[in-house]
Amino acid sequence: MSFRGLFIAVMLSTAMIVSAFVLQSKRPRIETDRPSADLVKATGKCADCHRHETSAVVHEFEMSLHSRKGVTCLDCHQPTKGQEPYDHKGFTITRKLTSSNCRSCHEKQVDEYMRSRHAAPAWAAVTGKADFTPEQIAFSEAIHKGAVDRPPHPLTAVEGLAAVNKGCRQCHDVGKPNPDGSIGSCTACHARHVASVELARLPETCGQCHMGPDHSQLEIYHESKHGVLFNAQRSGMNLSARPEKLSTEDMPVPTCATCHMSGLEGEKFTHDVTERLSYFLFASVSDRRPTYEAGRRNMKAICLKCHTNPKIQEFYGSAEGVVRSTNKLVKEADEIIAGLRKDNLLTPEPFDEPIEYIHFDLWHYGGRTAKHGAYMGGADFVQWHGYYEIVNKMAELKKSAEEIRARASKGEAAPKAAASSDPSARPGGAADASGASK
Amino acid sequence: MHPALPSKGWLGRPQFWVELFAIGNIGFLAVDVGVAHAINDFEDPAEYIPVVFSLACAPALVLAMLLGGLEPAPRGRFPFDRPRWRSGVAWAVGMLVGWGSLSVGVAGLVFHLKGDFFEQMTLKNLVYTAPFAAPLAYAGLGLLVILNRMVNARSREWALWIVVLAAGGWAGNFVLSTADHAQNGFYYSSEWASVVASAIGFGFLCGVLVAPDDRRLRTLVVAIMLTEILVGVLGFGLHVYANIVRPTSTLWSSFLYGAPAFAPLLFADLGILGLLGLWALTVNRPESPTAIPRSGE
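Keeping their order, the protein sequence lines are chains H and E.
Going by the numbering used here, the letters in the first sequence line up with residues 1 to 438, in that order.
Going by the numbering used here, the letters in the second sequence line up with residues 1001 to 1297, in that order.
Please note: incorrect hints may appear among the correct ones.
Unchecked claim - If you want the footprint, here are the derived chain H segments under chain E, 3+ residues with CB under 8 Å:
(1) 24–38
(2) 122–131
What the hints assert, rightly or not - Looking from chain E toward chain H, a few residues come up when the C-beta cut is under 7 Å (computed):
(3) 1075
(4) 1078
(5) 1152
(6) 1196
(7) 1199
If you're looking for bench data, these hints aren't it; they were derived computationally from the structure.
This one's a predicted model, so the numbers in the text were calculated from it and none came from an experiment.
For glycine and all other residues, C-beta sits at the position ideal for the given N, C-alpha and C.
Hey, can you work out the whole structure from these sequences and the hints?
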């Protein structure tokens, strides 16, 4: 064999092989890093492509219990009844998942959620009953009378589409009816792809919506001893414990989910967040719920994991005192407004006169905050963000009512809030909400 | 010329097989390119051109074979046993197909490179762009068809050009298998086998070009080409298996979006062309005794 031919053959072959190895080694990690064989099996090969596009989705899924249990992307993205099938690279999937997709495995949880105020009542609170089927309305009204068969919230007309789309709906989407006939999406609390029970147990998850002046639960929680202890001890807790097996050893300090949903040490866990409630705290005047006794009993069973019965009784007694006291103040404000309306000194339209905003703030901000503060151990919110705001607004309300009556006696018109009759022409109306989904 | 060659029939001479190789490959490219462009849903009408070209040219070459004889001949070397016009028409059809195939290949290369790669010449775009080396298959086959009609198939030069074209095919195969498997991130380490195999195919055929009369080297390369055929068949099996076990909605979509089933057969294909080239080198000995190297023979 001639050395010349062999030399050329070996040199060229080697040079090519080495160059291929070198090129591959120089490529960025995102291109060459492959999902594990198990993950590819679990994702139905979706990870093959999605590692390059939307890589975070794959990483989120890798962290999930779904992935560890061998649930595939296709299992969740399989179109269910009423969902539009979408052909994607040889797979028939649905792009937008709803609670209906989760229901195939988590039927009990979805059914419980459907009975909660997180379902239809959440969406109807903004847009009224317009988006629901008669069956959905009947189902929800049987549980939450008047919560769905209602008109849209009057503020949506005043504030306009831009505010509604990027504001109200972002939270109230949790109960939005879907085209497939289902309601809401579990991802609101569990997040997409990671489908995390740990995430749903974090106060910040509930606090995405339950915060701010109208229902400051997150702020109240962080002020409370529960919140302080949780923030100090969080690193030592097992927030991803199975709901059926969650114990005070896993979470010696409660978060929102612990008190309202979790199956702590043998107690039944639920996705109906109303099961442990006794009062309609969100209402202007808070009445007892029809399930008052059961609600108290269910919640106290959880309280008993950490507190003695006398302490719980005392806590509930003082909190109910706040509800009664707040109700009294709000009723007084309601009577002032009702008196003005009776005397034709206010128009029937809501939110077109300044005094209506004062009245709304009084119960919607101050009133709710005082009551929530009382039930969640937030002293500052009972006092300064609660009662102080109520009495402050009450003084303003009374003064404003006197002025209206005084002007009326002189034959002057009451001052009106600037509002156009054309909703789309108002600031934040359709013209400003361009590009937003309707 | 090999003394025994004239006495052998067309079945015993490499040129007929090389022409058959070209016809078969041009024809089969219709299926291969059809599947490849179906992934793209034939978004650009130009994507139909290679499919239509293949479907038209393979029968045209068969027709030329029937008209001009089983072995194409350059002008001036037309066979005496048939009318000259028939050989002329066959030659013209062959040259037309050859140049057409060459044009389709080069145009395809330009079209494929028109994608992201030229906008941003990054390694990523090189890996994820349309396989720019793939259309060169047409160029190679076009050159093969033209070669059969420009150079005397019983000459040493013709044999060397066959080896050159086979080596070129292996170079393309190296680029394609490296880029394709890089796209897959070399998920299985076995995917490196095709890169190594195509590099060896190219390197050793180049070795033969440098020392064409080295019989031992040629024997070694024959063994390598036979191994390459096995690699191709094994790769075909692995690609098909991967597609069958793939959880997709239909088997067709699995093959459409999955591993390219026919791609590994290019190894077997080029192994055959390499073997034809080596055969031609063996039978088309150097005319001048001085050209025959003494050592290694």
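Hint check results:
no.	hint	in the structure
1	24–38	holds (count 8)
2	122–131	violated (count 0)
3	1075	34 Å, violated
4	1078	36 Å, violated
5	1152	25 Å, violated
6	1196	5 Å, holds
7	1199	4 Å, holds
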